[in-house]
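Visitor: Residue numbers (the numbering used here), protein chains in the order written: chain A, 1 to 195; chain B, 1 to 240.
Quick caveat, the hints were computed from the structure, so don't treat them as lab data.
Quick caveat: nothing in here was measured; it's all calculated off a predicted structure.
Watch out, some of these pointers could steer you wrong.
Taking lysine-lysine pairs in the DSS-like style, the calculated list, with each CA pair at most 27 Å apart, reads [unchecked claim]:
(1) B:157 to B:186
(2) A:83 to B:157
(3) B:88 to B:62
(4) B:88 to B:186
(5) A:83 to B:97
(6) B:149 to B:97
(7) A:83 to A:24
(8) A:121 to B:157
(9) B:187 to B:132
(10) B:157 to B:62
(11) A:99 to A:121
(12) B:149 to A:83
(13) B:171 to A:121
(14) A:31 to A:99
(15) B:51 to B:62
(16) B:186 to B:97
(17) A:83 to A:104
(18) A:121 to B:51
From the structure, some residues in chain B lie toward chain A, with a derived Cβ separation under 8 Å [to be verified]:
(19) 44
(20) 46
(21) 48
(22) 113
(23) 117
Ideal Cβ positions, reconstructed from N, Cα and C, are used throughout, including at glycine.
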Amino acid sequence: MEKADDMVTPGELLGRANDLKPGKGAYVASKNNTIYASLTGFRRIQPSTPGSPDQRPIVEVIGHKAHGPVPEPGSVVIARVTKVMARTASVDIMCVGPKSMREKFTGIIRQQDVRATEIDKVDMHLSFRPGDIVRAVVLSLGDARAYYLSTAKNELGVVSAESSAGATMVPISWTEMQCPLTGQIEQRKVAKVIS
Amino acid sequence: MENKQSSSPASFIDSTVVPGDVVLDLSSMTNQTIKLGGGLRQDCDAISAMKAGTLRFLKPNKYWIESSQKRYVPCVEDTVLGIVVDSKADNFLIDIKGPTLAFLPVLAFEGGTRRNIPKFELGTLLYLRVVKANFGMNPELSCTDASGKAAEFGPLKDGYMFETSTGLSRKLLGSPTCPVLEALGKKLSFEIAVGLNGRVWVNAASPDTIVVAANAIMNSESLSTAQQIIMVEHLLKNIQ
């Protein structure tokens, strides 16, 4: 594999389609059979996969950090609850794994994905409130508007929440958190912190 | 303007408070369970008022603030008058004079199934009960009482609906019967439905009766008992 060399910008000519195959960040303009870059980054030419009928090396554009991490199905994300409705809760995904995102993605936690047991008796208002920070796992890419998330495991759920008095609450059990200032207990679906 | 000399809690009961007044000091009352109703908030050891109104106390331990507004804050188990604004697949969207529209599930009627979903025109007036009212979520309503029976809930036909403040609605529903309603009831025959969200519906056989009843109720908010009776007599003189 050759080392990445010059910096290219979108629209820059990378090579001819006869000699090279476009990879990530590059595309073929069919009218004149040339390969142009579509992203900003470093051009890298990789030898073609052995055994494939097409023996052209692959040219790609790499090294750009413009997008940041993107949630994939199965990844654990940290999100903040924005809206709680009768059967769903809307969240803003803020971190994927240990990395924080550059832009917020919207996620939805459906009533049946809040916990693993008695899923039809879930009261969304007793599981999340607007402003809570939750740890969830991405179920699927969902629809155009939001990822589908799930908190149906012991270590998933509300990680940090503020009480109506304004103090950060302390978890007591997997369904309750207590405010240290007033002593009021509020119900949430609490994540088990595994140390 | 008189000055309040003492700051003991007893001096605030039944008097007007404004937001920020510390009405109870918990450090002087130990080992008691106190129930706080609407308009009061706990800040560590001090209970302070959040709304402007009168502080009320019910033995042994209930405190709350009574006030009258034009806006309605939905509470569970309130009976309200709602107007149908839209209908979706699972719910009707109802305006109950609150911060958001409320949802009336399509099946929340006595004997309601997917086959006999009622068709309400936009603008239909309904007498409803609030089932769920959480902060930040749309309230959920129902046309049945807690045991599933219809119990007078549902659409109100004919008649005339007018808006009042929430305080007047509570007075009209209080017991013993509000003086204006008693005075009207002695001479006229009419029926009313009072919503705690500040809406009142009146129906009677003739339009004259409806107008007199509506005007009498609207005028009665700030009058004392004797003044209400005099006002009702005055109005009734004009139609007889």
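Visitor: Work down the list of hints and note, for each, if the structure agrees.
Guide: Consistency of the hints with the structure:
1. B:157 to B:186: holds, 24 Å
2. A:83 to B:157: Not satisfied, since the Cα-Cα distance of roughly 37 Å exceeds 27 Å.
3. B:88 to B:62: Not OK: residue 88 (chain B) and residue 62 (chain B) at ~41 Å, beyond 27 Å, violated.
4. B:88 to B:186: Status violated; Cα separation ~44 Å.
5. A:83 to B:97: It holds: about 21 Å lies between the C-alpha atoms, which stays within 27 Å.
6. B:149 to B:97: holds, 25 Å
7. A:83 to A:24: At roughly 37 Å apart (the allowed maximum being 27 Å), residue 24 (chain A) and residue 83 (chain A) break the hint.
8. A:121 to B:157: violated, 37 Å
9. B:187 to B:132: Violated, at roughly 40 Å.
10. B:157 to B:62: It is violated: about 39 Å lies between the C-alpha atoms, which goes past 27 Å.
11. A:99 to A:121: Not satisfied, since the Cα-Cα distance of roughly 34 Å exceeds 27 Å.
12. B:149 to A:83: Not OK: residue 149 (chain B) and residue 83 (chain A) at ~33 Å, beyond 27 Å, violated.
13. B:171 to A:121: violated, 38 Å
14. A:31 to A:99: Not satisfied, since the Cα-Cα distance of roughly 41 Å exceeds 27 Å.
15. B:51 to B:62: Holds - the C-alpha atoms of residue 62 (chain B) and residue 51 (chain B) are around 17 Å apart, at most 27 Å.
16. B:186 to B:97: violated, 32 Å
17. A:83 to A:104: It holds: about 15 Å lies between the C-alpha atoms, which stays within 27 Å.
18. A:121 to B:51: With a Cα-Cα distance of about 35 Å, the restraint between residue 121 (chain A) and residue 51 (chain B) is violated, given a limit of 27 Å.
19. 44: holds, 6 Å
20. 46: violated, 11 Å
21. 48: violated, 12 Å
22. 113: violated, 19 Å
23. 117: Status violated, d = 18 Å.
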